[in-house]
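Input sequences plus hints: build the corresponding full structure.
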Amino acid sequence: MKKGTISVCLLLLAQVLTGFHLNAAERPNIIIILVDDMGFSDIGAYGGEIKTPHIDSLAQGGVRFSQFYNASRCCPTRATLMTGLHPHLTGIGHMTNSPNSEKHDKGNAFPSYRGFLNRQCATLGELLGLAGYSTYLAGKWHLGGNKQSRWPLQRGFDKFYGCIAGSTRFFSPDTDKREGRGITSGNEPVSRVKSTTDRPNYTTDAFTDHGIKFIEEGEKEKPFFLYLAYTAPHWPHQAHEEDIDKYRGKYRVGWDQLRQNRYQL
1 MKKGTISVCL LLLAQVLTGF HLNAAERPNI IIILVDDMGF SDIGAYGGEI KTPHIDSLAQ
61 GGVRFSQFYN ASRCCPTRAT LMTGLHPHLT GIGHMTNSPN SEKHDKGNAF PSYRGFLNRQ
121 CATLGELLGL AGYSTYLAGK WHLGGNKQSR WPLQRGFDKF YGCIAGSTRF FSPDTDKREG
181 RGITSGNEPV SRVKSTTDRP NYTTDAFTDH GIKFIEEGEK EKPFFLYLAY TAPHWPHQAH
241 EEDIDKYRGK YRVGWDQLRQ NRYQL
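All residue numbers for the sequence shown refer to my numbering, where the first residue is 1 and numbers rise by one.
Hints are supplied without guarantee of correctness; some may be wrong.
Claimed, not checked - Ranges between beta-carbon positions, derived for each pair:
#, residue 1, residue 2, range
1, Y251, K222, 42 to 48 Å
2, G132, S57, 29 to 35 Å
3, H88, E217, 33 to 39 Å
Unchecked claim - With a cut-off of at most 27 Å between alpha-carbon atoms, the simulated BS3-like pairs for lysine-lysine come out as follows:
#, residue 1, residue 2
4, K159, K213
5, K147, K159
6, K106, K159
7, K147, K106
8, K51, K250
9, K213, K51
10, K246, K51
11, K222, K159
Keep in mind the hints are simulated off the structure, nothing from the lab. Values in this document were obtained by computation on a predicted structure and should not be read as measured data. We put the CB at the ideal spot given by N, CA and C, even for glycine.
What follows is the structure in C-alpha cells.
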C-alpha cells in the first residue's frame, strides 16, 4: 500500500476516533467480528469447503486482503487489534494471565511480558467512548484477567458478555471452572448461559444474541462500536450434531488433498 493511501486511512480513522467535525448522525456504526484460530482459507470466500454464506457476502461486497500478518498466538493478536500497537508495547508480548493466575506476569523488569494491557496504551473501546460511541464487547477478552481492573468494563467497554480467559467449553460453559474459564456478564459470573435460538447453552449463539441485544437496547442517538469476538473455532472443537453431519467424512481425504482443492478455487 502506498504511503499516501496509508496517510489518508490514518486521517479518516483519527477523525472517527476524535469525532472531529462529525456529529452522531455522520459517525458510522462499527462492528468488528473476530474468530479464533481460524486459517484464512477456512471460509468459503477463500476456498474453504465449509459453507459460510453470510461471511462470503461480506467479502463479496467489501475488501478482501490477499496479504496480512498477525501474531502467532491469541492474546498478542488481540492486543494489537485493540490498541494499534505492536503487542510488546502493550504488555502482552507472549501470553496473558487467566482470571486466577499470574504465571505469565514477568514483573516490572520485563514490561513487555506482564500478561495484561498496560495503561500506556488505549483500547478502541476507550478511544471510541471518548468520541461519543456506545461500546460493546460480546465474546472473548483474553487481554488480562487476574484483576478486575483489567477487564473489559475497566478498559473502555460499556457492556460485556463473554469469556475473560482464552477459551471455555462451547456447551454449558458456566460449568467450566478451569482457571476461571466460565462466562462473565459485566463484572459478574453467569450461572447459566442462555441463547434465544433453539440451541441453548452454546457460546457462539449466546455471544451473537448478546451482541444483537446490546445494539437493540443501546442509545439510539449515539453511534455504537460492537466487538464480537468468538471463541470458535478454537479448541475444544465442539459443535451441534446437525452441523457435524453436514461434513461427516469430508476430511478423510487428508490435508494435502484439501489444500489442493482450496487453492484451485
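Status of each hint after checking the structure:
{"no.": "1", "hint": "Y251 with K222: 42 to 48 Å", "verdict": "holds (45 Å)"}
{"no.": "2", "hint": "G132 with S57: 29 to 35 Å", "verdict": "holds (30 Å)"}
{"no.": "3", "hint": "H88 with E217: 33 to 39 Å", "verdict": "holds (38 Å)"}
{"no.": "4", "hint": "K159 with K213", "verdict": "holds (11 Å)"}
{"no.": "5", "hint": "K147 with K159", "verdict": "holds (18 Å)"}
{"no.": "6", "hint": "K106 with K159", "verdict": "violated (30 Å)"}
{"no.": "7", "hint": "K147 with K106", "verdict": "holds (16 Å)"}
{"no.": "8", "hint": "K51 with K250", "verdict": "holds (13 Å)"}
{"no.": "9", "hint": "K213 with K51", "verdict": "holds (26 Å)"}
{"no.": "10", "hint": "K246 with K51", "verdict": "holds (10 Å)"}
{"no.": "11", "hint": "K222 with K159", "verdict": "holds (15 Å)"}
The structure shown violates just one earlier hint, number 6.
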